[in-house]
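**Q** Residue numbers (the working numbering), protein chains in the order written: chain A, 1 to 412; chain B, 1 to 412.
Just so you know, these hints were derived from the structure itself, not from any lab.
Where hints are given, some of them may not hold.
Copies of one chain are not kept apart here, so a pair can be met inside one copy or by any two copies together.
[Unchecked claim] Mimicking SDA-like on lysine to any residue, the simulated pairs with C-alpha atoms at most 20 Å apart in a straight line are:
id: 1; residue 1: K38; residue 2: E385
id: 2; residue 1: K408; residue 2: G228
id: 3; residue 1: K234; residue 2: R160
id: 4; residue 1: K408; residue 2: G51
id: 5; residue 1: K17; residue 2: N402
id: 6; residue 1: K285; residue 2: L339
id: 7; residue 1: K336; residue 2: G21
id: 8; residue 1: K35; residue 2: K336
id: 9; residue 1: K285; residue 2: D268
id: 10; residue 1: K409; residue 2: A352
Protein chains: 2
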Amino acid sequence: MMVVLVLGDGMADRPIKELGGLTPLQVAKTPSMDKIAKLGVCGIMDTISPGVPPGSDTAHLAIFGYDPSKVYEGRGVFEALGIGLDVKKGDLCFRSNFATVDERMMVLDRRAGRIEEGGEELANALDGVKLESFPEIEVAFKHSTEHRGVLILRGRGLSRMVSDSDPQVENVSVHKVLPLERSREAERTARILNMLTEKFHEILQSHPLNVKRRAEGLLPANFVLLRGASVLPKLEPITERYGIKALCVAAGALYRGVCKAVGMDLIDVPGATGTVETDVIAKAKAAVEGLLKYDFVFVHVKGADNASHDGNAQQKIRMIEKIDALLGYVLKNTDKDELVIAVTADHTTPIAVREHAGDPVPLAIMGPGVRADSVQRYSEIDCAEGGLGRIRGLDLTPTLMNYIGRVKKYGE
Amino acid sequence: MMVVLVLGDGMADRPIKELGGLTPLQVAKTPSMDKIAKLGVCGIMDTISPGVPPGSDTAHLAIFGYDPSKVYEGRGVFEALGIGLDVKKGDLCFRSNFATVDERMMVLDRRAGRIEEGGEELANALDGVKLESFPEIEVAFKHSTEHRGVLILRGRGLSRMVSDSDPQVENVSVHKVLPLERSREAERTARILNMLTEKFHEILQSHPLNVKRRAEGLLPANFVLLRGASVLPKLEPITERYGIKALCVAAGALYRGVCKAVGMDLIDVPGATGTVETDVIAKAKAAVEGLLKYDFVFVHVKGADNASHDGNAQQKIRMIEKIDALLGYVLKNTDKDELVIAVTADHTTPIAVREHAGDPVPLAIMGPGVRADSVQRYSEIDCAEGGLGRIRGLDLTPTLMNYIGRVKKYGE
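Okay, chain A solo, but in the shape it has when bound:
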């Protein structure tokens, strides 16, 4: 017995006037989702709690059964893990942007003109830098996409209780990193980060790539803005908790990072991009193949959330139909007698809001032993009448693992 969980990021929505008062899930043609709803049991799920808009990181932690209010230690570490960095206990991770500052340290562009090329070359110039005053601190810097990168500090006595240098807006000064608590560790960490930031600026300012960018009239990527100080959370791996092998089929660094943090194996799927262009059938194939070796396969599809942030209802509908095609492939190529298949979202991203909202998400689970209810279609409205009632994100993984007999008895 195996489980496939397919998650359509931001797929849930609210009724939309332009769609005749329907949600994109109601409008989209979703024969496979509907089949799962019809033959399975449905419900709605508050990933965090009713009304609370989940972040992507906390949502996924909760969905995998880890209470973010207990284990969450910031987002940066998941980004670092997700782009393949090796993060150890105590390592301090940041998300970073290459930015453009002027000589007064005013932020002219938080994304250095959304620099598209050379990010890796610049990152290499920063990776491994040493500070004279703190020779024991190791610095790792890795480029991810466009202007984005990750910084890791390794060494004793580092604290995540420090502020961001990223002001989040432009035409203001770079923020000095400050300790967020009165501790020697936080004060020392802030000092290290301010010195390091200055050193990075020196290196970037004179880097040949920036000399070239200036000559071409482009904004130089002459500064590294840091945000989201984060350390590895203490998590009992999902593989140990349930005695399973677990695979993650996801393209986005953050999702890959959360999956890795909870102990899943990652797979690279050619054509899986984490955008609306992603090759869902390639992901479906990877999932089906994964079931030969793994008990639990998690498939993350990002596109519907991107479309929602763009306020593009039609694209969201198309993306939902792509996710449905993914589910169709899985349904067609697996044995229904040995598979529990679930479909849900991590949060509602209403087209009208373009941001995560706190409305519950629909959930449908089909498989042997599931108590099928009378719900006929997969949507936010239909699933609310289902036999699962209204559950919390934290309860999803135990619910799924229970169907395959992997949850330990509590008490005797």
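We have chain A; now place chain B onto it with these hints.
**A** Frame of chain A, contents of chain B only:
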């Protein structure tokens, strides 16, 4: 976008034999509640948790999003705030009754014959009293209604861990105030209260008003019974938590007090009495006007609970219809494109029980973006089939604030 929350105190009930097995909400003609249920999303709500009868204070704390198990510090402070007293951090508040005791300190009447006149005069005689042994302790005493009043002690080292002097029944001795824990503060506070109670008794015994009452054959109001030691709870104001302006339209002191404690502005509505005679249309007008300045307007109507405590089903039905008229006025005089309107109760008060019970209450929410379900009528039974499922009181305010985009994302 704005929110109006209308709360019919104790409005929920159980099926009543004399009503043909229906609840008062099912029998009452409630076109506006039904409209909200029909066009909106419904559910049932456990104000505290399933089966637990909520107190009025804890119910309202929960409904505003404050976990009473974490923040509740007794009821007296809300009564004090609700009658307009200025309560500061560390102040110790009590609810009090003027009572009649005999020379052996036996309680003859806990309400001094439900004294109707002169309460304010008596209170003034007690307000500002000084104890010789504790000259640094400030004493404020304020009359509220009939025999009821509030005592506040201000000074260093006061503890709320002291017992009541009010025995809650008659023909027994006044209780000595005892420390409820072994601490210097609790012991000192008990000593202060016992001395103060004696001093109050001396003053009241010889007060001209009581001399007159005795001459008229009335019971003298010669004692102050204290109960519910309470201090100001530490609460993040609702206004800061959600970045909103919030208005409370309520007449009862307790409800006003809870609203003030969570940071709402209060308004006095002529004709709003906190009884079955209250002018609901005056309250509705105040709510609608409030929406010009406030993001969140809370309207509390007490009468249905009074009728329930009296076991008067017909009066409860009439009161529910009055609350429906209030909702009708709000619906008629607001723009449905910019208003989220919710109707619920704080607890079930079954006519057959005449006390708060732990059954869930019905909830209906109508407004832009709400996922309308198939519920057609507002009642305890109908709403249980709604798209909100079953939520906790704690989740109500986040749920409402989410519809107007006021809940901060949790995580990134």
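**Q** Next, verify each hint and record whether it holds.
**A** Quick rundown of the hints versus the structure:
no., hint, in the structure
1, K38 x E385, "both (12 Å within a copy, 16 Å between copies)"
2, K408 x G228, "between (35 Å within a copy, 16 Å between copies)"
3, K234 x R160, "within (14 Å within a copy, 27 Å between copies)"
4, K408 x G51, "between (31 Å within a copy, 10 Å between copies)"
5, K17 x N402, "between (40 Å within a copy, 19 Å between copies)"
6, K285 x L339, "within (15 Å within a copy, 47 Å between copies)"
7, K336 x G21, "between (35 Å within a copy, 15 Å between copies)"
8, K35 x K336, "within (12 Å within a copy, 36 Å between copies)"
9, K285 x D268, "within (12 Å within a copy, 62 Å between copies)"
10, K409 x A352, "between (44 Å within a copy, 17 Å between copies)"
Every hint from the earlier list agrees with this structure, and none is contradicted.
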